[in-house]
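Chains as they are written, first to last, in our numbering: chain Z, 372 to 852; chain F, 26 to 248.
To be clear, the hints were calculated from the coordinates, so they are not data collected in a lab. Treat the hints loosely; a few may be bogus.
Claimed, not checked - Subject to a maximum C-alpha distance of 16 Å in a straight line, what follows is the list of computed EDC-like cross-link-like pairs (lysine to aspartate or glutamate): (1) F:K238 - Z:E558; (2) F:K35 - Z:E558; (3) Z:K570 - F:D149; (4) F:K103 - F:D134; (5) Z:K542 - F:E227.
Unchecked claim - Just the calculated beta-carbon pair ranges, DEER-fashion: (6) Z:R565 - F:E98: 17 to 27 Å; (7) F:D49 - Z:E771: 48 to 58 Å; (8) F:A41 - Z:Q772: 15 to 25 Å; (9) Z:R504 - F:D247: 34 to 44 Å; (10) Z:E466 - F:D247: 42 to 52 Å; (11) Z:K479 - F:K203: 39 to 49 Å; (12) Z:D656 - F:Q147: 20 to 30 Å; (13) Z:E424 - F:K203: 37 to 47 Å; (14) Z:Q561 - F:G101: 46 to 56 Å; (15) F:E119 - Z:Q561: 51 to 61 Å; (16) F:E125 - Z:K479: 41 to 51 Å; (17) Z:Q561 - F:E112: 32 to 42 Å.
All C-beta atoms in this analysis are idealised placements derived from N, C-alpha and C, irrespective of residue type, glycine included.
Listed here are the chains, written in short residue letters.
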Amino acid sequence: MSQRIPVKELTDSFRGRAVGALADDQLRTNFRIAMDSLMQKRADAFPDEEEREGLRELGNHIKARALSRLPDLLEQLETRLTANGVKVHWAETTEEANRIVHSIIEAKQGSQVVKGKSMVSEEMEMNDYLADRNIECLESDMGEYIVQLDGEKPSHIIMPAIHKNRFQVSKLFHDKLGVDETEDVNELIQIGRRTLRQKFLEADVGVSGVNFAIAETGTLLLVENEGNGRMSTTAPPVHIAVTGIEKVVENLRDVVPLLSLLTRSALGQPITTYVNMISGPRKADELDGPEEVHLVLLDNGRSGAFADAQLRQTLNCIRCGACMNHCPVYARVGGHTYGEVYPGPIGKIITPHMVGLHKVPDHPSASSLCGACGEVCPVKIPIPEMLQRLRQENVKSPAEQPKVKDGGAKYSRKERAIWRFWASLNTSPVFYRLFLWGATRFGKLAPKNVGPWTENHSAPVPARRSLHDLAKAHLNQGDQR
Amino acid sequence: MSARSNILNKLRAGLAGTTPRPDDFNEGLVTRPWQYAPEDRIARLRSLMEAVHTEIHQLTTEEWPARVQELLESRGLKNVLYAPGTEHGKQLAEHWQRAEPRPELLVYDRPIEEWKEELFWQVDASVTGTVGGIAATGSLVLWPDRHDPRLMSLLPPLHIALLKASEVEDNLYGMMQKQNWSAGLPTNLLLVSGPSKTADIEQVLAYGAHGPKELVVLILEDA
């Protein structure tokens, strides 16, 4: 254990966690294998470049059109859903959303909740909120169930337990469920099936996310492969869907290209096993399905991103995870290094709006700007451009009125002064020549410690002759010949 | 101020001075790459569904109840859930009366609350109808109603679905248009493209996660 760096600092920052993750061979192997396979699957699912690019363009236009009418579409969605018998709730903060969910459960005197996969409920930390109020909230997606059982958070938005291998899962099931250890993935899944089926049977309330909310028909569309989403939304007497306000699309037909983009980009599948379209609670003569359906629409910083025409594009996201699968940083440090609900490139551009840049000051700069994320994004979010914008917002002074929550988190007067000095140096010929004269003669006096750079590199020492000088000499030689 | 008006006001302020983007939906992009000759449609659907462990039989409208019996008996299953209020349910009941097969015919005729535990643990198989199939993605379209309830296609480990060969469309967009979905959707419309599965552990594919472990599609040719 290092004496120099306190442990807290190591795990409380992106940089500190990255150091730990990079040294974890098992973690890196698990991620490398998974990311390579997901990239290959996506590539195979889009064999025709022209078709792919046409579809991405269309996906972008559909989302941009929906966002250009967002408040109207949200109202239309509410009207249609209400007419269908669904109760719509609005929440500005995760605290409000949790309170709404809790009050619905309380009204039913519920004590057991099963949850289909929902990233918004992760944003809300709904499990903890309900647990504090003596309500069990169990994850039912196999991956989510595994990470919940181990007291962890998902490390990937589509593959929550991707950081674990079968042996780690086997050990976990053995320790927590008292079953025999097995290396057979099928058997592990069957253990999960049996355990969770009893929970689906007992649950008072089912919670789910939403992939697309369709304003035209008042429909909540969910995609999944396991059937736990259908279970959570069909078996318990009450269904509560939670979603971000950006998930609404105008028409039913708009989901056709978006669905294709989503499942092919995420998993390389032409479609998921189940596409579940819910338009209301159980009708009087129907024999199953929940008697109550609720939708909680959550803002949590989204309207802040929406206020700026450039940053608004962040809300195009359909949560496929392709950007993280293709990210060289994510593949190496894994999802937990980001320390927040949404990891990877999309996490870097959406999280600052939710939690503020003070909490995630390294997010915009934890990127090589290689551009892979933007190239694969199915709805063409220019993620590298967003990262650059956030870098600017991150260092704005209070006087420059940053546009992002806690903008200016990395503003430093010293750094600003150094840059101002550097700029004036490079824009004034007299000053520049004077500096050059000094630098080439007194290079040995250059600082030996230049921050993080010198942690892994030797300090730069100015050359004895400047490039200008060398070039001049070279040209003069040529003249003489 | 309510959360609702706060959110809507903020969004409206963000849009001040802008006009909505035009609707430039290009249906060619979602139909043209996904068109098939009528004789290829079923083959496409078959190959995609079989690739994800779906068992498919093509047979005539008269033959299928006997095939259901065979499927159950060959697996040694003790019962099958059916929908008595549907055309296909009646056909199945007639066969059962005539042939008196061993597996018991169970009726879904009361609200789930009255027999939840039994449905969750005791039912081996189910037979449901579909309202069509989609060749492009290898999907079935299920339109559950009071006769063909939602949980029928989800809880039993074996799901047998009936699909009329004449109701297979090229793609999702075409299906939506043909059946005019936007005019009115049921409580729960479903696309089902295989048995339940997961790849959440090491990306190893495992079937029977939470829903049916097996999906059998009986494609009915008009006799």
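Each hint, compared with the structure:
no.: 1; hint: F:K238 - Z:E558; in the structure: holds (13 Å)
no.: 2; hint: F:K35 - Z:E558; in the structure: violated (50 Å)
no.: 3; hint: Z:K570 - F:D149; in the structure: violated (19 Å)
no.: 4; hint: F:K103 - F:D134; in the structure: violated (19 Å)
no.: 5; hint: Z:K542 - F:E227; in the structure: holds (15 Å)
no.: 6; hint: Z:R565 - F:E98: 17 to 27 Å; in the structure: holds (26 Å)
no.: 7; hint: F:D49 - Z:E771: 48 to 58 Å; in the structure: violated (37 Å)
no.: 8; hint: F:A41 - Z:Q772: 15 to 25 Å; in the structure: holds (18 Å)
no.: 9; hint: Z:R504 - F:D247: 34 to 44 Å; in the structure: violated (58 Å)
no.: 10; hint: Z:E466 - F:D247: 42 to 52 Å; in the structure: violated (59 Å)
no.: 11; hint: Z:K479 - F:K203: 39 to 49 Å; in the structure: holds (40 Å)
no.: 12; hint: Z:D656 - F:Q147: 20 to 30 Å; in the structure: holds (25 Å)
no.: 13; hint: Z:E424 - F:K203: 37 to 47 Å; in the structure: violated (28 Å)
no.: 14; hint: Z:Q561 - F:G101: 46 to 56 Å; in the structure: violated (19 Å)
no.: 15; hint: F:E119 - Z:Q561: 51 to 61 Å; in the structure: violated (37 Å)
no.: 16; hint: F:E125 - Z:K479: 41 to 51 Å; in the structure: holds (45 Å)
no.: 17; hint: Z:Q561 - F:E112: 32 to 42 Å; in the structure: holds (36 Å)
Against the hints set out earlier in the document, violations occur for numbers 2, 3, 4, 7, 9, 10, 13, 14 and 15.
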